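Q: The residues making up each chain are set out below.
Number of protein chains: 2
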Amino acid sequence: MKKILLASTSTIYGGTYLSYLKEELKVFFAGVDEILFIPYARPSGISHDEYTQKAKDFFATIGKKVVGIHTFANPAEAVKQAKAIFTGGGNTFLLVTQLYENGVMEPLREAVNAGTPYMGASAGTNIAGQSMQTTNDMPIIYPPSFKTLGVVPFNINPHYLDPDPKSKHKGETRQTRINEFHVLNDTPVIGLREGSWLVIENGKLTLKGKLTARIFQQGQEPYEWDGKTPLPFFK
Amino acid sequence: MKKILLASTSTIYGGTYLSYLKEELKVFFAGVDEILFIPYARPSGISHDEYTQKAKDFFATIGKKVVGIHTFANPAEAVKQAKAIFTGGGNTFLLVTQLYENGVMEPLREAVNAGTPYMGASAGTNIAGQSMQTTNDMPIIYPPSFKTLGVVPFNINPHYLDPDPKSKHKGETRQTRINEFHVLNDTPVIGLREGSWLVIENGKLTLKGKLTARIFQQGQEPYEWDGKTPLPFFK
Chain V
142 MKKILLASTS TIYGGTYLSY LKEELKVFFA GVDEILFIPY ARPSGISHDE YTQKAKDFFA
202 TIGKKVVGIH TFANPAEAVK QAKAIFTGGG NTFLLVTQLY ENGVMEPLRE AVNAGTPYMG
262 ASAGTNIAGQ SMQTTNDMPI IYPPSFKTLG VVPFNINPHY LDPDPKSKHK GETRQTRINE
322 FHVLNDTPVI GLREGSWLVI ENGKLTLKGK LTARIFQQGQ EPYEWDGKTP LPFFK
Chain G
142 MKKILLASTS TIYGGTYLSY LKEELKVFFA GVDEILFIPY ARPSGISHDE YTQKAKDFFA
202 TIGKKVVGIH TFANPAEAVK QAKAIFTGGG NTFLLVTQLY ENGVMEPLRE AVNAGTPYMG
262 ASAGTNIAGQ SMQTTNDMPI IYPPSFKTLG VVPFNINPHY LDPDPKSKHK GETRQTRINE
322 FHVLNDTPVI GLREGSWLVI ENGKLTLKGK LTARIFQQGQ EPYEWDGKTP LPFFK
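Note that the protein sequences, when read in sequence, are chains V and G. With the first sequence counted from 1, adding 141 to any position gets you this note's numbering. With the second sequence counted from 1, adding 141 to any position gets you this note's numbering.
Pulled out of the complex, with its shape left as it was, chain V reads as follows (with noise of 0.2 Å):
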């Protein structure tokens, strides 16, 4: 049975890394005492080693060890030997490359299918979903697809922005970028708004955090939902 929590972001306003999670992820990891993080998507460019240490420091506060995959001479077979594992943000174009280029997309895809407790945050989050066609990221590099793990039956919009009805700025809204997405897609799309965060768990999927999220299906309304009414495309 799949075990799965994906955060919109790893930092609140005026939060530290994680904080905001610290009472959920103690839960969400009880039993666990060792995380492999997977550190490929590197937020603002820092080093794997750099970022594993980030990660280490925030789960260290809980009891946790944090091993970084970037460690193992077979990547592969440190997620299937993992006892849950955790995906940091970053650049979405970044860890999918490096997921397809160490041989990891697979096996992940498996383990959490198989039911090895997985935690994402922000990209780690994007590519739980069918595509990571629904990321901000930028496409700093050329991946071999645009598929990922496709673990839950849907697309995640990390870091959902609502349109700004005082902005000047005619670029795109959040919006706009999901619609032209169903124009040529039609997986349903999920926009988590920072402070959000989802549970797949004993079959069942849970809205967390103290927000609604946006939902985008081809061809109709966006709607809120408020994490209780299911949803249609999750059974």
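None of these hints come from the bench; they were simulated from the model. Predicted, not measured: the structure shown is a model, and the values here were computed from it. Zero decoy hints are in this set.
Since the list can't tell identical chains apart, any single copy or any two copies may satisfy a pair.
Under the rule of at most 30 Å between Cα atoms (straight-line distance), these lysine-lysine pairs were calculated in the DSS-like manner: (1) LYS206 x LYS311; (2) LYS307 x LYS163; (3) LYS307 x LYS351; (4) LYS351 x LYS309.
Starting from the structure of chain V, add chain G where the hints point.
A: Only chain G this time, still in chain V's reference frame:
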């Protein structure tokens, strides 16, 4: 000699489609009576016909005929025969995919290099650069390559937005995203704010509009460009 006009956006706040560029375009397209329009980027998913009509309506106000590239059986030949070309904004991933699939990328590069006047707005501006890798758009379709026309020796980030010091949003700023691009790539990037446009004519690069542009080079602090000081990467 190349003759290129690259606008950050087609529409500025409070204006109508291309209205802020009207006087400039009278001059830029002087002597040209017909413009080939490339509507492939389909903003908000509108059809090629609808989008071409929008361009037709504007250019009629300055006495120019517009014809959509999608109405030709042989789009590459249409590019070769064109007296002037305008590529509209929308989704850059879709635009680039269509340029490749319709065999237009290489003929378009050749035409612009040979001196066919070229105008771009937003996505149409982005593709003039070395690659589309500094687009803001969502990857709604997988293009065969991120390489674009390369008719200018830099990349452009259209709709460039300064970081908002008051924002509580933790998604990456535009500056952070471009810095991530420069961790992996060395092409200089011009952050072109809305209401600004670049003109390349007689071997000279000019910045127009009321604003400065932001220049990003690998391994250097970004800086403001007044459009007068020569850029080290444009010779």
